[in-house]
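**Student:** Following the hints, complete the assembly by docking chain B onto the known chain A.
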Amino acid sequence: MDEIELISQVLKGNMNAFTFLVNRYQKLVVHITGRLIQRQDELEDVSQEVFLKVYQNLGKYRNECKLSTWIATIAYNTSINYLRKFKKFDEVNPDDSVALKNLTDAKSDDYERTDLHLYIREQIERLPVQYRTVLTLYYLEEFSYQEIEQITGMPEGTVKNYLFRAKTLLKEKLKFVVDENSLKSVKEISNEK
Amino acid sequence: MRNEEIEKSIVQSFRTEPNYHLPADFTRKVTFAVERQIQWKNDLLEYLYLSIIVAALISISIGLYYYIDKAMVMKFYSFISGNVIQVISVISILNFILFADKVLLPFLFNRWNRI
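Protein chains in written order, with our numbering: chain A, 1 to 193; chain B, 194 to 308.
For reference, chain A alone in the conformation it holds in the complex (with noise of 0.2 Å):
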């Protein structure tokens, strides 16, 4: 069923498409709602939240984007609301040196215990909300510059810094702690993969 049929479908009032609906997007949902909210025991309130607000508002719908970018924009904001409401929404550009110093310092025999893909993966959890944010959308569900600036509202160039900056920071902190039995099981996830 493409875009549009389903759209119609659902304003028809077709609960079987508003459920095929759910299914297609829920995992867009969680990736965007789960990484910016960081709460597992308020994740299944807030997509739910999420995908009401898609249902009062399908009939806006304009086609002017993807499907996926407008649920998205609807997901992006119902959590930054989230997390205004708890203030845990820091509205400024953020400090790389303070997020430095949240990244864990971990020790390289760290890495005989668990391995550096998973230790690289709690440091993205600790990154700031907007570097979560830019990362979730660019790399895990691939949206374009554009579409993330449509999604976030922050400029193009920004998305672009956020990225490379995120980037840079895990490099950093990996750059001291990253060891030569570290480097072996890079090598080894990567080959794995």
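Heads up, some of the hints might be wrong.
Taking lysine-lysine pairs in the DSS-like style, the calculated list, with each CA pair at most 27 Å apart, reads [what the hints assert, rightly or not]:
| id | chain 1 | residue 1 | chain 2 | residue 2 |
| --- | --- | --- | --- | --- |
| 1 | A | Lys60 | B | Lys234 |
| 2 | A | Lys160 | A | Lys66 |
| 3 | A | Lys53 | B | Lys234 |
| 4 | A | Lys12 | B | Lys234 |
| 5 | A | Lys175 | B | Lys201 |
For the record, the hints were derived by calculation from the structure and aren't laboratory data. Keep in mind the model is a prediction, meaning the values are calculated, not measured.
**Tutor:** What follows is chain B alone, placed relative to chain A:
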């Protein structure tokens, strides 16, 4: 080389799905919530239409009666103006019964069923 390996690993981690999950019955719950909302809107509309129809019928009846028996209507009017509080109370109670029947009780039953 070392930098390239690190970069490759970072990008791989970026592309890995975060560890957040929704319950298996999430779709059913969302669909149910939407259906409940639609039902609630319909109930509210039905209540509003019914209230408007009843109010219109009463007004038309009084209007017609005014031409048939003016004295009776004037008596009725003076009764209302003499017992404003009682009349308003009765109208409010009747209105609340209608509202509870059409909107409030179906809404609460739906909510209890969900729990």
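**Student:** Now tell me, hint by hint, if it's right for this structure.
**Tutor:** Each hint tested on the structure:
1. A:Lys60 to B:Lys234: Holds, at roughly 18 Å.
2. A:Lys160 to A:Lys66: At roughly 21 Å apart (the allowed maximum being 27 Å), Lys66 of chain A and Lys160 of chain A satisfy the hint.
3. A:Lys53 to B:Lys234: holds (15 Å)
4. A:Lys12 to B:Lys234: Holds: Lys12 of chain A and Lys234 of chain B sit about 16 Å apart, inside 27 Å.
5. A:Lys175 to B:Lys201: Holds, at about 14 Å.
The structure fails none of the hints (numbered hints given earlier).
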